[in-house]
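Undergrad: Here is what each chain is made of, one letter per residue.
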Amino acid sequence: MLGFILRRMGVMALTMLCLTLVVFFLVNLEPNLKKLAISQLDMRSSAEELESWLEKNGYRQNFFVRYGQWLGVVQKQPNIDPETGVATPRFSYCDEPAEPYYGGILQGDFGCSTKFKVPVAEKLFPALGATGILMFWVMVVMVPVALLIGVLAGMREGSRTDRTLSVASIATTATPEYVSGVIFAVIFASWLGWLNGSAATATRQGISFYNFTLPVMTMAIYGIGYIARMTRASMVEVMTQQYIRTARLKGLGFRTVVLKHALRNALIAPFTVIMLQFPWLLTGVVIVEVMFRYQGFGFTLVEAASNNDIDLLLGCSLVSVFVVLSTQLISDVGYAYLNPRIRVQ
Amino acid sequence: MQVDYLGTFGIILGVLARFWPVWVALAIILVLSLRFRSRLGLYGQLFDTGVGITGVMICCFWLFTAIFAGTVAPFDPLAQFPIMKNVLPGAIEPETGQAFLFGGDRLARDVFSRMVYGSQIVLIIAPAATLFALMVGTTLGLPAGYYGGRIDSLLSFLANLVLAFPVILLFYLLVTPGIRETPIPQWMAGTFFIFPIIFFVTLFWTRYRSRPQLLAIQLALTLLIGGWIYVGLVFDADPLGIISISSNQLNIFVAVVFASSPGVFRIVRGLVMDIKTRDYVAAAQTRGETPWYIMLWEVLPNARGPLIVDVCLRIGYTTILLGTLGYFGLGLAPESPDWGTGIKESSRLLRAYVHPALPPVFALMSFVLGLNLLADALREQSLKD
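Residue numbers (the working numbering), protein chains in the order written: chain A, 1 to 345; chain B, 346 to 730.
The set of hints was computed from the structure by calculation and includes no laboratory data. Check each hint, because a few of them may be wrong.
[To be verified] Using 25 Å as the maximum straight-line C-alpha spacing, the simulated SDA-like pairs for lysine to any residue come out as follows:
1. A:K250 to A:T240
2. A:K35 to B:L515
3. A:K34 to B:W532
4. A:K35 to A:Y67
[Stated by the list, open to error] Some residues of chain A that are not near chain B, with every Cβ distance over 10 Å (derived):
5. R7
6. K35
7. L50
8. K56
9. C94
10. D109
11. A189
12. Q242
13. L249
14. F271
15. G334
[To be verified] Reference excerpt, derived from the structure (chain A facing chain B, CB under 7 Å, subset only):
16. L29
17. P100
18. G104
19. Y178
20. V182
21. A185
22. P279
23. S317
Note that beta-carbon positions come from the ideal geometry of N, C-alpha and C, so glycine has one too.
The shape of chain B in the complex, shown without the other chains (with noise of 0.2 Å):
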């Protein structure tokens, strides 16, 4: 059976044309924050340089094809269509009259639909590992930087100890089908996810402890928000069935976790050393309030600027660091599309069949690069203040 192609000029309009929720919800929120920028804060002043556009266009672009992704990718990720092995890109798949926009790979799947749906798996593990990276980081930098002494060398040992491990390493040992018998990677997530429980009760207990029926309201929803997810995490046993993740995946998770934290650590303790010294943490401590309303309420309010910049830098490097385990085969399942998996698996066939290697490798590039000019441009903000 023969396979039609479609020319270089129906190939790129084959694929704005596939983008279009993408393109609709770009052009609504470009409208929107040109609009309103004046009253949108440090977000709204990201428009005002090219580079901040950019990046925050290139984010918004990735953020919105995982969401639609079901709408945009023509084709099931993982399904095979045995006719079209390793096609150059734009042969039409004579049974389904769609065509394979970037071609198809080794095992006969559509390499655009692939690259679509591998940002679904990037734009979920790398934010949100992210996120509680920052969490454990904070935690336990704010007491580290504020106290100093004895409590300060061991924290800062312990993060050293980790820092001291090259990535890689760390990964080949804790990221393992085998490590995925025993039950380290619970206790792992046992220990890093109850963080964001200890860092929201002190946060509302420091601020409304006078205020008895406002702080039980918001230590019952953080209680019953945190403890639902921590149930859903690390047990896998999420009373309502809506919050899983594979055991693989957890594996993941905490490793990238446990890898950036003491990074924030580092951060976080330098600020506070920093931030300790100026006058109205003197005032605070005058007035007699608790270390950690000053931690919380007074240090870490100031320390936000390049705590953001760095969740920014930070979620470009783990989506690295998640390339780097797709492309080692740690983790993730062989038929994964994620783009490091894909990465792999091209890279070793280049000398033949060039075409799939380059969707997932410019992907990876393009978001990482996003995310670095929003940093820059963040940066660039508030160092203007």
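Isolated chain A, as found in the complex (with noise of 0.2 Å):
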């Protein structure tokens, strides 16, 4: 078990160096990198003007040593003034030391972000903690009302109550976050007037019922119809086993069955898929958040890509590669560890 994981966490991270790899190559494209300097000096400025804040800067230096200065394992440069031979740091905001250093990734150091004048990791972290918060609601109110309904609808195939919860939870997987965010909107907030249709007070005064119920009901929303679906699959499946028929034989009720012998056995599957949850989860959030202007992770991740912000873009990255591919380690793990039948070689 323990060189299993061991193994997995060497693909992870050969898979994250690939993945920055190719982030890194896609955002130092050379429209984007004249993106970049527009974005810091203005409009107006001459082609020369841009070509020599970019030289200055360091972004002309070989595409592999600027790899390597992210990564931390080549020497970051400060500015060095041509004439006088002064150093001096390269973005001031970012408190950088005027002599060569080496800060990367592997020192912990995620770089500076140009957008908003700040160490990335100054920006990055608040904005995870915004959105874990954001997740936490959306996992408490999705994940038992998903099983509820798969529970429900699986205990007896083919039942009314089966067919009416089947066809309600396709038709939620049917409704992307921008369109069923779009329709509580206008029902809640346009219509009753009872929530507000934007969540940007939360990151300010604190999160309330009446500004952080849209968020989480639209997010909760598209996921619950996918994990009660693959509940009601694995219900099904588990109901026709021998041992739910022997229970039944013994005289046992139907309440107790499903409760003590089905239901363990059934929500084996479904952990897996609410971790496998995840990547979907992360574009849920950038929806989200840029819709109800909520000033978390998908918010930055959306300033960071349309703004060319190359160390926040490669931290989001970073970020949210992690996420998923830890995810994906923890259901295997745990999908080995319930389930006793399932030996991981």
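Each chain sits in its own coordinate frame; assemble them with the hints.
TA: And the structure:
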């Protein structure tokens, strides 16, 4: 088991290395660097000014040298004034030292955000915290509701409850966040006026039922259908097993059979599914945070991407890839742990 | 100048009347399908259940709406009528006497016509991108599942690499005006679009190698048609000028194919690993058939059930992806009538005007719902056998 986890961690590190290299390549394409220079100077700057800004801040160094600097295996160089030879820090707002130093991911330094003018870590981790709160409430709403729907639908296959709930869960999987978000905002914010159509206040004044319900509801609804369908399928399968029939023949009530015998085995598969939901929950986070103006990870990612803020964008991709891969690992390990019949080689 | 309004009843009647070619086409399809359903195989079996009929009808509804968009929509999707800015549903345009059935949007365009024309964009890109992804995923998934070993490890690693990327980040990096200035979309298009040609050439080659005359015709046709489409899509240099694609559409198309082929790859690989243990594969191996013959003519036909279901779901998923792209304003032109862009435009003004948001929202939702219902019915049917 330990060997399995270690090997998976190795693959994970390799994947992260490859993906950040790809992201690094894409954000350093010539048009993107131009965009960055323009956003740092201004629209009217001449081509020479842009070029000299890029040159001065080290964006014209060799691609692999720069990737190495970001990783922390090559030293980051300060700006040297060509005439006086005086070294000044590259980005003064990030407290970078005025001498060559190793400052990369391996040293725990995420770099400097050119858009927000702060070190990436200062921007990224509060944003992750804000998203963590959102995710927590989404999970609190989504998982119990989805499991309940799935179990109710799956315990009597083909019944009217099953049909209704199945069609309802298909309908929710057909409703992406930007669709349900609009519908909910129209109903609850515009017509009824019960809830706030924006979660912008949640960042400053703390979350409340009034400003946080719509984002949570919007994100949960898309996931509910999918998890419910998986739970239903697994429940249906369990209910046809021999041991369920035995329990029924022993004279146990239907409720006892479902709760004590079927449920435990039926919940193994949904566990994996819930874990594997994280990749698209990330997409959902981006949509919902932009839609309801909540200053979390997704919001930061969009800001970073639209301003080509290289270090921030790399930090965001590193975090999201890490989340996706580690949930996959947890799901595999947890599955083997929950289901003793599966043995990891 | 005063704008006159239709009543609620008038709007409903007006909408129903505008869709008349769609209703006629749907009625013909329904009658014919019910009449001959016993002879139509899997498609006919769909008409046994309510879910199946609903799914087919919703999908056909949007298909015919896209085909007859010119007749259904009363206005040009980009035409602006200054007097009609933000008008409520049912307002009558004074010059033409036609009603803005679902009202006007922020830029005084007809919301109904935009919804109808939006279906064209979705129904061209989503199925086509899904089919290309299917070709790429199948061509790579077959050998990975069949041979296993090193080739499988390598391809699986690459697929997982793409799958570990959050889709939205991928699109923010791959669908930008900046990347269109570089040759990257062309390279990717050149790589992906070669797969269908490889697929069909191998398909015919493995089966008809012993009949050179038939093979020559098939290969010539494949290379001619495939090459024609390839030149048209990748280099935008179709000699006949029929197939052409603008650079932002190509960018979207390539990004969507790139994002969804690893999913197909995984499914195909899993199916092949299951099917290759069957007796008929062993029989073919004993006969001395080549591996590619076994993959394409023994394994693939037996994997078609789950694949068809997956294609249905995937078209729906691609539609959602296109909507996401439109919602973030990536790739598609800001005035494009597609549903995602419509939702983005209108959701900013929800506090003031609700009506421009609802038609694209319900259009997208119903189309994806139709595809999901269809997939569900297909799955039920394939489980029955």
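Undergrad: All the hints need checking, so say for each whether the structure fits it.
TA: Structure-based check of each hint:
Proposed proximity of K250 (chain A) and T240 (chain A) is supported: the alpha carbons are some 16 Å apart, at most 25 Å. A C-alpha spacing of about 19 Å is found between K35 (chain A) and L515 (chain B), which places the hinted pair at or below 25 Å, so the restraint holds. Under the criterion of a C-alpha separation no larger than 25 Å, the hint pairing K34 (chain A) with W532 (chain B) is consistent with the structure, at around 22 Å. Between K35 (chain A) and Y67 (chain A), the direct Cα distance comes to roughly 20 Å. Compliance with the 25 Å bound is thereby established for this hinted pair.
Consistency note on R7 (chain A): stated as away from chain B, and its beta-carbon is indeed over 10 Å from all of that chain's, at 12 Å minimum. A cut-off of 10 Å between C-beta atoms contradicts the statement that K35 (chain A) is not in contact with chain B; the least separation is 6 Å. Here L50 (chain A) stays apart from chain B, with its beta-carbon at least about 14 Å from theirs, past the 10 Å limit. With 10 Å as the threshold on Cβ separation, the claim that K56 (chain A) sits away from chain B holds: the shortest Cβ distance comes to roughly 22 Å.
Residue placement check: C94 (chain A) keeps its beta carbon more than 10 Å from all beta carbons of chain B (closest about 23 Å). With a cut of 10 Å on Cβ distances, D109 (chain A) stays outside the contact zone with chain B, its closest approach being about 22 Å. With a cut of 10 Å on Cβ distances, A189 (chain A) falls inside the contact zone with chain B, its closest approach being about 7 Å. Distance to chain B confirms Q242 (chain A) as a non-interface residue, since its nearest Cβ pair spans about 21 Å, more than 10 Å.
Even its closest Cβ contact with chain B, about 27 Å, leaves L249 (chain A) beyond 10 Å, as expected for a residue assigned away from the interface. For F271 (chain A), the non-interface assignment is confirmed: its Cβ lies about 20 Å from the closest Cβ of chain B, beyond the 10 Å cut-off. For G334 (chain A), the non-interface assignment is confirmed: its Cβ lies about 19 Å from the closest Cβ of chain B, beyond the 10 Å cut-off. Contact between L29 (chain A) and chain B, as hinted, is supported at the beta carbon level, the nearest pair being about 6 Å apart and thus within 7 Å.
Interface restraint check for P100 (chain A): the shortest CB-CB distance to chain B comes to about 30 Å, outside 7 Å, so the restraint is violated. A least Cβ separation of about 21 Å between G104 (chain A) and chain B goes past the 7 Å threshold, and the interface hint is therefore violated. The interface hint given for Y178 (chain A) holds, since its Cβ lies 5 Å from the closest Cβ of chain B, which is under the 7 Å cut-off. Among the interface hints, the one on V182 (chain A) holds; its C-beta lies about 5 Å from the nearest C-beta in chain B, closer than the 7 Å criterion.
A hinted interface residue such as A185 (chain A) counts as satisfied when its beta carbon comes closer than 7 Å to some beta carbon of chain B; here the least separation is about 5 Å, so the hint holds. For P279 (chain A), the interface hint holds, since its Cβ comes within 7 Å of a Cβ in chain B; the closest pair sits about 6 Å apart. Proximity of S317 (chain A) to chain B holds as hinted, the smallest CB-CB distance being about 6 Å (cut-off 7 Å).
Figure legend: structure checked against the earlier numbered hints; hints not met, in rising order: 6, 11, 17 and 18.
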